[in-house]
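Based on these hints, arrange chain B on the given structure of chain A.
Protein chains: 2
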Amino acid sequence: MLSKIPSSIGIYGNKKNALKLLSKIWGKHGTFTCTVANTLTSTIPGISNAGDTPELTLFTGPADAELLSIGRAICINGVPINPGGIPTPATLAMAALQLSDMSCFIINGGCKIVPHVPFFDVGATYGEKIITGKAVNNVKKIFENGKILGKALAKNNKFLVVSESCAGGTTTALAVMLAMGVIKDNIVGSSSPKNPKKLKNKVVADAFNVANIKIGDLIHEPLKAVELVGDPMQAVNAGIIIGASETIPVIAGGGTQMSAVIAIAKEIEPKIIGNVIHGTTRWMIQDTESDICAINDSITNDIPLVYVNMDYSKSPHNSLQAYEQGYIKEGVGCGAACIAAIASSSGKIDCSMIYNKVHEIYDDLISK
Amino acid sequence: MLSKIPSSIGIYGNKKNALKLLSKIWGKHGTFTCTVANTLTSTIPGISNAGDTPELTLFTGPADAELLSIGRAICINGVPINPGGIPTPATLAMAALQLSDMSCFIINGGCKIVPHVPFFDVGATYGEKIITGKAVNNVKKIFENGKILGKALAKNNKFLVVSESCAGGTTTALAVMLAMGVIKDNIVGSSSPKNPKKLKNKVVADAFNVANIKIGDLIHEPLKAVELVGDPMQAVNAGIIIGASETIPVIAGGGTQMSAVIAIAKEIEPKIIGNVIHGTTRWMIQDTESDICAINDSITNDIPLVYVNMDYSKSPHNSLQAYEQGYIKEGVGCGAACIAAIASSSGKIDCSMIYNKVHEIYDDLISK
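Chains as they are written, first to last, in the working numbering: chain A, 1 to 368; chain B, 1001 to 1368.
Same shape as in the complex, but just chain A (with noise of 0.2 Å):
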């Protein structure tokens, strides 16, 4: 077993399950996928800044799965970028899967716009938004699909990335948590420094009132609470973990989007106890706005968070550097990303080659 971790990670949570789950993984080959999905939440002005406009934020999902499986962007000029722009994290995913040569596909977790690139489908449609109180269709249907999917995903890799890209997913990851009890106060991220929480909030009481629920009244019916009040990704990414983890090592990678996932997937096969790390970034855990950490804790320790210590302060791109004061943080499973191209590289791959490689990446998309 390791006995000590790089410097380029660290650790929230049960150490020794980090440790573990580590080794397991170290110099071993895996797969990264990335779910995308829309919710029509994030088109409520004002919710996600992941995109330049409202209607743009549909859009960032399956560009992000273009940007991953061929390098480019298709479904729109250029690549995703938040207001002033700030480039997607798949950037930093991206050089994090070039390093290590991993393999990576792409999972439909319920699209209205379509990636042009090969995608697993399991039958997930796009999510209504919230203050609807009818979410998500088929729940329960892409649920079991991901879990087909993650068994099948598991036969032929040592571990799995299980990661997303979905528009407006704070503010579902919020709703879920709190109709689950799984948090009491508006505790999730943003990729804005300026986390809309009045608005976030606002919008979930409204979905609670049609819903008809109450913070904490889904404690035990998680999938219950994605239909109502979540998201597509949610349910897909939930069973991909579940079906995985029985057989291999998981790290479900994102900000506090992926805390609900890993809440949704724990409540329902607490067995993933051991064999599921929360990979993220340093930028999530240090972030003033929000607390995975105590979501984290609230969860169970027992899923620890693996962060990748990634530090764009010296970067000669302001927009790099607005990582440093906020901005994203997350999305697009790069810290996990991050995490296992370290492990599977035995450690080889570290902060500062990742480092030059956003650049690089980020030089020739800008250049394009």
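No lab work stands behind these hints: they were computed from the structure.
Glycine included, C-beta positions come from ideal geometry on N, C-alpha and C.
Worth double-checking, as some hints may not be accurate.
As the list claims (entries may be wrong) - List time: in silico PhoX-like cross-link candidates among lysine-lysine, alpha-carbon distance up to 20 Å: (1) Lys20/A x Lys348/A; (2) Lys28/A x Lys1028/B; (3) Lys155/A x Lys140/A; (4) Lys158/A x Lys1314/B; (5) Lys271/A x Lys155/A; (6) Lys1028/B x Lys155/A; (7) Lys158/A x Lys184/A; (8) Lys1155/B x Lys28/A; (9) Lys1158/B x Lys155/A.
What the hints assert, rightly or not - On the chain A side, residues computed to face chain B include the following (Cβ under 8 Å): (10) Ser69; (11) Phe105; (12) Ile113; (13) Val117; (14) Asn145; (15) Ile148; (16) Asn156; (17) Asn157; (18) Leu199; (19) Asn201.
For chain B alone, kept in the frame of chain A given last:
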């Protein structure tokens, strides 16, 4: 390098190339894929026996996909059968996959009936009747997406099996190989021992008239041949074979439908030679109503036929014995799945083990 091959396997064509490829995959872990698709050509009465009625032929591929993924069909009751109750060759592919614990992914190569299990989507839509002269939409896109998928699948596998289930596919294979001038006569297979050659010839002749082409006209335009008179599976699988065989060995599995795919792939990218074998069954090789060996001679013996010596003549079930009388013979990559199971187990799995497993699966399926 393997000096000799086990008695469960036979070779036709360039034996050195076959042994070289089998040596590369001996004891190695690969992934099986099955590309399921529909062409409305199968609904022309008399063309296809892969289904109890012309309409049911559209359900055969999707039901096969469900069988491979979860062990039971959802889109139909029971399992796909030919008239007379002869079960789908998926039963044989399942046996090989279960014995070798091989991972298996379904690819939607253009389905009208969509399987109720996870599958790869490459943007393919079902094929029209070839007598329209406009058989396949978006042929370049689905070919290119196939290439992307092939490359992605190659990253985490030591070898890949590419196969198909597409009722009506021998007629589209006939049309494409005639258009390319690969064959001059109707020597393609059929899932019936009474190969309806006259009807197939008439349908192909009508298609050529409408498309305004003659035999051999499209010798260097294989994707054009697919677009006019082929089926979407052909374009997707040709792409996958080309994409994957850049880096790993590929077993292209099937009967003369797969011959057409190999002809297309080899015309577009001759570099596939050396990294591809055509996996099939003894039943196919010995069929008196078709001549897969002559087709192989015409395409190139350097992509050799490697066949499994399965023998159902002692089966207690008439419906399985029917395979010895010229029924079914191939499909759902059953021959290639057996070759892959034998090779990946370093020869520990043999025809006798597979035979027993087929009967176990068959007994289980008919008891339901």
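Checked hints:
A hinted pair counts as satisfied when its Cα atoms are at most 20 Å apart, and Lys20/A with Lys348/A qualifies at roughly 19 Å. For the proposed pair Lys28/A and Lys1028/B, the alpha carbon gap of about 16 Å is at most 20 Å, so the pair holds. At roughly 23 Å between alpha-carbon atoms, Lys155/A and Lys140/A are farther apart than 20 Å, so this suggested pair is violated. Under the criterion of a C-alpha separation no larger than 20 Å, the hint pairing Lys158/A with Lys1314/B is inconsistent with the structure, at around 41 Å.
Restraint check for Lys271/A and Lys155/A: the C-alpha separation of about 19 Å stays at or below 20 Å, so the hint holds. A hinted pair counts as satisfied when its Cα atoms are at most 20 Å apart, and Lys1028/B with Lys155/A qualifies at roughly 13 Å. Simply put, Lys158/A and Lys184/A have alpha-carbon atoms about 37 Å apart, too far for the 20 Å limit, and the pair is violated. For the proposed pair Lys1155/B and Lys28/A, the alpha carbon gap of about 13 Å is at most 20 Å, so the pair holds.
Among the hinted pairs, Lys1158/B with Lys155/A is consistent with the structure: their alpha-carbon atoms are about 13 Å apart, no more than 20 Å. Below 8 Å, beta-carbon pairs count as interface contacts, and Ser69/A has one with chain B at about 6 Å; its hint therefore holds. Given hint, Phe105/A at the interface with chain B, holds; its Cβ is 6 Å from that chain's nearest Cβ, closer than 8 Å. Because the closest C-beta pair between Ile113/A and chain B is about 14 Å apart, greater than 8 Å, the hint is violated.
Nearest Cβ of chain B to the Cβ of Val117/A: about 6 Å, under the 8 Å cut. The hint holds. Below 8 Å, beta-carbon pairs count as interface contacts, and Asn145/A has one with chain B at about 5 Å; its hint therefore holds. At a threshold of 8 Å, the smallest CB-CB gap from Ile148/A to chain B is about 6 Å, leaving the interface hint in force. A cut of 8 Å between beta carbons decides the hint on Asn156/A: the least distance to chain B is about 4 Å, and the hint holds.
Hint on Asn157/A holds. Least Cβ distance to chain B is approximately 6 Å, under the 8 Å limit. The closest approach between the C-beta of Leu199/A and any C-beta of chain B is roughly 35 Å, which is over the 8 Å cut-off, so the hint fails. The criterion of a C-beta within 8 Å of any C-beta in chain B is not met by Asn201/A, whose closest approach is roughly 36 Å, and the hint is violated.
Of the numbered hints given earlier, the model fails hints 3, 4, 7, 12, 18 and 19; all others are met.
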